[in-house]
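Participant: Using the hints, position chain X against chain D.
Chains as they are written, first to last, in the numbering used here: chain D, 1 to 117; chain X, 1 to 586.
Since the hints were derived computationally from the structure, they do not count as laboratory data.
C-beta: ideal position from N, C-alpha, C; glycine also.
Just so you know, not all the hints are guaranteed correct.
Chain D residues, not near chain X, derived (Cβ > 12 Å throughout) [to be verified]:
1) E18
2) T32
3) K64
4) E67
5) H70
One side of the interface only, derived from the structure: several residues of chain D facing chain X at Cβ under 10 Å [stated by the list, open to error]:
6) D8
7) T15
8) R19
9) R23
10) A38
11) K53
12) V78
13) K100
14) P101
15) I104
Distance condition first, Cα-Cα at most 16 Å in a straight line; then the derived EDC-like pairs of lysine to aspartate or glutamate [as the list claims (entries may be wrong)]:
16) X:K378 <-> D:D103
17) X:K378 <-> D:E18
18) D:K53 <-> X:E367
19) D:K53 <-> D:E72
20) X:K378 <-> D:E9
21) X:K294 <-> X:D226
22) X:K378 <-> D:E11
23) X:K378 <-> D:E109
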Amino acid sequence: MKVLLVDDEHELVATLAERLAFRGVDAQWATTGRDAVALASRESFDVAVLDVKMPRISGIQLKKELERIHPEMKFVFVTGHGSEEDFRIGSAEADRYLAKPVDIESLVETLKEVVSS
Amino acid sequence: MTEHAVDGDRTTDRAPTGSWVRPDLDIESRQYSLNLRRMWQLTALLMIIVSVAPLMVLTAIDYRVTEKSAESEILLNTSRVVSNTKLAVEFSLVERIAALDFIVLDNSFSELNDCSRVGEILDRLQTSFTGFVDLGVIDSSGNQFCYVGPYDLSGVDYSGEEWFADVQKVHTYISDVFAGFRHVPHMVIAVRHDLPDGGFYVLRTSVEIGLLHKLLSNLEISGKGDAFVINQKGVLQTSSRAHGDVLEPLGLDVPSFSTTTRVYETPGADGTPLIVGYAYIPDTPFILMIVNQKTALLAPWSDTRRQVIGFLVVSLSIIIVVTLGVTTYLVGKIHWADRQRVAALHQTEYTNKMASLGRLGAGVAHEINNPLAIIKEKAGLMKDLFSLGWYADDPKLMGIVDSILGSVDRCSAITRRLLNFARDTDTNPVPVDLREIATEVLGFMGKEAEYRSIEVVVEMEDDVGEITTNKGRLQQILLNVINNAFAAVADGGRIEIGISSQDADYVGIRVTDNGCGMTEAQRRRIFEPFFTTKSSRGGVGLGLSITYSLVSELGGTIAVESEVGRGTTFQITLPVSLGQKGGAGQ
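Excised from the complex, chain D in its bound form:
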């Protein structure tokens, strides 16, 4: 299972990727939308975990661009902002929606569910 993590917090994604690696998940990460698109165009991923709110390019927009490159890619949204609007968009756009701070075990669980579905 190859996972793409995108979050503007470098420390967060890097650590998350490392921890996922310990749990047998091949995770790569990017801190900007541009890096993420570049990464996705080089190799393919099963799942992308996107932060909804990022500077310049939002998670929703990024999802649309990634979908263009890999139409079969699954998406999980993560947000630090639990507003109703985010919730609605997240639920509508993504396969799953998680709130920060994310529990690593439930993230792994979610990823597995999403990929197998």
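Facilitator: Chain X alone, transformed into the frame defined by chain D:
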């Protein structure tokens, strides 16, 4: 989608107290009502002045004008009556003089020497004219040589009498009225007739004053009017109604001589103003007077005045009552409308405040969430690394990491609750678990309950499902009602929150406290804006009125039962679904 993704646990520690969500806006209600009072005074005063002043001025002008015309009319009237009466009196005297003149011209002196002839003449006179009592013939030496009449006056010598001297000068003489020998008031008319030989004789007759009485009593004089004759010495020549009997002196001054009729005003003996009309009767010592009380003459005018003033007083009373009533009503309406407006303003402000606080909380939570996530991941990685390496069995290191993770979780719980609150200020109806929301709201009050040892119990029937409603509004409603309960109970009190299903469409939330309760009068006004029993503690009286309108907004009802000293129960009934309007937002 029955559960929100962000759904923190509801720890009650570190909960902020509920005070910040209360509508603690200041209203200078005292100054506010003062302004209205001033407005009432100004309006009432202006309206009364504007409507009353012209009416008063008109009445005053009318009073003066009609008073003047009434006065001039009575003067004119009196003058006319005096003139007419004067003519009548004068005529009757002239008539009698003419009769005497006729006798002396018709009869020669020798004929008049015959007393039987004089007797015949008197008989005829008495037949043709009234008032003649006797008739005498007096020669130039003053000797009445012939007399016919009821008294024995034959041979009386008048040569020393004043009238005899006068009649030699003026041809015709009319005496004052006097009682004479017979003690009956009468006057004397004497006519001189010159003889061709240069001598003369005088025909003299006594006339009863009944003649004048008859003339004067026939006058129609209004009120206490009095018509009489006086002589130039001020002695009454006829009897009067109010100014003395015949031959008595008149109480009033003798009016000054005038050839025409005059009318003047003078104070009477008792000070009441009198209108006096008089005329000197030419060639006689008589003055005709008509005296009347001014008030009696003005009586018709006074009656009209009384009616007009009565009407004025009634009109003024009506104007004042109506003005005050209308002003009070309108100012009351303005007061009411203003209060409604202020209440609406406060509610908007309150809602905005809640939304702002929500946004602020969400912003803070969001900003803290990111570093918190990093801490969590770093600590998690640390734990992962320890687990894989040599430190897996080091309880101290593992304990430290777990402690960090535990603290992060506690922080997340707080940020989640803040985020929840922000999310709940959104207005779309969402499915709401009533127990959850009650617990959440109580989370804010947890510290206060703890400090004051207030026991809070939430009881929920099993058959109550989720209801679809506006979560933020419901939170505010519960917060306000529970706040109210907290304010009512004493330390160590008990608050019960009962949630039950009413029927298929409605659920009930019952908040019962065992606090101070309230009187029936307070209970009736409890939802009115600005009604408060907590004014001494800074209450504004908007909390429950806002609650009331929020409940109405959610399509529900709120009722209250209370007993002084026993406690209060708020019963909120809410529809299970907020209607079609809300459902579309899902």
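Participant: For every hint, state whether the structure bears it out.
Facilitator: Do the hints match the structure? See the list:
1. E18: violated (6 Å)
2. T32: Holds, since 16 Å exceeds 12 Å.
3. K64: holds (21 Å)
4. E67: Non-interface label on D:E67 holds, nearest chain X Cβ at 22 Å vs cutoff 12 Å.
5. H70: Per Cβ check, D:H70 is outside 12 Å of chain X; nearest 25 Å; holds.
6. D8: With a closest approach of 9 Å, the D:D8 hint holds.
7. T15: At 4 Å from the nearest chain X Cβ, D:T15 passes the 10 Å test, so the hint holds.
8. R19: Constraint on D:R19 satisfied, holds at 5 Å.
9. R23: holds (8 Å)
10. A38: violated (24 Å)
11. K53: This interface hint holds because 8 Å falls under the 10 Å limit.
12. V78: Interface hint status for D:V78: holds (9 Å vs cutoff 10 Å).
13. K100: holds (5 Å)
14. P101: holds (4 Å)
15. I104: holds (5 Å)
16. X:K378 <-> D:D103: It holds: about 12 Å lies between the C-alpha atoms, which stays within 16 Å.
17. X:K378 <-> D:E18: Holds, at about 10 Å.
18. D:K53 <-> X:E367: At roughly 12 Å apart (the allowed maximum being 16 Å), X:E367 and D:K53 satisfy the hint.
19. D:K53 <-> D:E72: Since the Cα atoms of D:K53 and D:E72 sit roughly 23 Å apart, the hinted pair is violated (cutoff 16 Å).
20. X:K378 <-> D:E9: Measuring from Cα to Cα gives roughly 13 Å; hence the hint holds.
21. X:K294 <-> X:D226: holds (12 Å)
22. X:K378 <-> D:E11: It holds: about 8 Å lies between the C-alpha atoms, which stays within 16 Å.
23. X:K378 <-> D:E109: Violated. X:K378 to D:E109 sits at ~20 Å, over the 16 Å cutoff.
Comparing the model with each numbered hint stated earlier shows that hints 1, 10, 19 and 23 do not hold.
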